[in-house]
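Engineer: Chain by chain, the residues run as shown.
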Amino acid sequence: DVKVTQSSRYLVKRTGEKVFLECVQDMDHENMFWYRQDPGLGLRLIYFSYDVKMKEKGDIPEGYSVSREKKERFSLILESASTNQTSMYLCASSPWTSGSKSYEQYFGPGTRLTVT
Amino acid sequence: GENVEQHPSTLSVQEGDSAVIKCTYSDSASNYFPWYKQELGKGPQLIIDIRSNVGEKKDQRIAVTLNKTAKHFSLHITETQPEDSAVYFCAASTGSARQLTFGSGTQLTVLP
Numbered sequence: 001d002v003k004v005t006q007s008s009r010y011l012v013k014r015t016g017e018k019v020f021l022e023c024v025q026d027m028d029h030e031n032m033f034w035y036r037q038d039p040g041l042g043l044r045l046i047y048f049s050y051d052v053k054m055k056e057k058g059d060i061p062e063g064y065s066v067s068r069e070k071k072e073r074f075s076l077i078l079e080s081a082s083t084n085q086t087s088m089y090l091c092a093s094s095p096w097t098s099g100s101k102s103y104e105q106y107f108g109p110g111t112r113l114t115v116t
Numbered sequence: 001g002e003n004v005e006q007h008p009s010t011l012s013v014q015e016g017d018s019a020v021i022k023c024t025y026s027d028s029a030s031n032y033f034p035w036y037k038q039e040l041g042k043g044p045q046l047i048i049d050i051r052s053n054v055g056e057k058k059d060q061r062i063a064v065t066l067n068k069t070a071k072h073f074s075l076h077i078t079e080t081q082p083e084d085s086a087v088y089f090c091a092a093s094t095g096s097a098r099q100l101t102f103g104s105g106t107q108l109t110v111l112p
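Protein chains in written order, with the numbering used here: chain Z, 1 to 116; chain U, 1 to 112.
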């Protein structure tokens, strides 16, 4: 079974703090993703990475950065947390490559972040 | 970029009835359309997907249909059961882009 784990289920931070959300996958997947989930807005892509040290902006990258130093780990960084970043954050991984038949993304359980 | 619209946002059905969720997409280059189910407290999980060279796909009680001309696709769940209660997301991708664009989600409630 593919397993995607996220470092925290719940996190409470203060405005202006630097926040790290960690994600680890155990299936040697090339691709990893960070989404935020808000009611009525679905899942919106923040950043994704298709290789170690590679990253690409998604639809809503402002206020976020990412780091992928090892293939299995993808970190989301909020440089200076703001109240509008209060949300559910979901990490996912995917084995997709140009020759792959599988586009499936495997999700972690999510981190509910509250910024006060 | 791609835009995916999903309707309805909430859906309640009696156990045993059918449920239909509809999505439209904007990018005619999209060629892969998955559906994810998110149970309470969990991340979304793929339940069925369809590629643009197929018009319909079934897996037991669930089916997906695709109309490329109209750029819409639908999820059909027959003989609904209480365990079908969850949030369902549609998505679209051009395949070569690796990433998915998700709809806004549908909260399905199956009433016993």
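The hints are simulated quantities; they were obtained by calculation from the structure and are not laboratory data.
Be careful, since some hints might not be right.
Simulated pairs of lysine-lysine, DSS-like, Cα-Cα distance not exceeding 27 Å [stated by the list, open to error]:
1) Z/K70 x U/K42
2) U/K57 x Z/K57
3) U/K68 x Z/K3
4) Z/K3 x U/K42
5) Z/K18 x U/K42
6) Z/K70 x Z/K18
Engineer: Now look at each hint and say whether the structure bears it out.
Structural biologist: Now for the hints, and whether the structure bears them out:
Annotation: proposed proximity of Z/K70 to U/K42 holds, straight-line Cα distance about 25 Å (limit 27 Å). Pair hint U/K57 plus Z/K57 does not hold up; C-alpha atoms about 33 Å apart against a cutoff of 27 Å. With a C-alpha separation of about 34 Å, the suggested pair U/K68 and Z/K3 falls outside the 27 Å cut-off, and the hint is violated. Between Z/K3 and U/K42, the direct Cα distance comes to roughly 12 Å. Compliance with the 27 Å bound is thereby established for this hinted pair.
At most 27 Å may separate the alpha-carbon atoms for a hinted pair to count; Z/K18 and U/K42 meet this at roughly 26 Å. Restraint check for Z/K70 and Z/K18: satisfied, since their Cα atoms lie roughly 21 Å apart, inside the 27 Å limit.
Against the hints set out earlier in the document, violations occur for numbers 2, 3.
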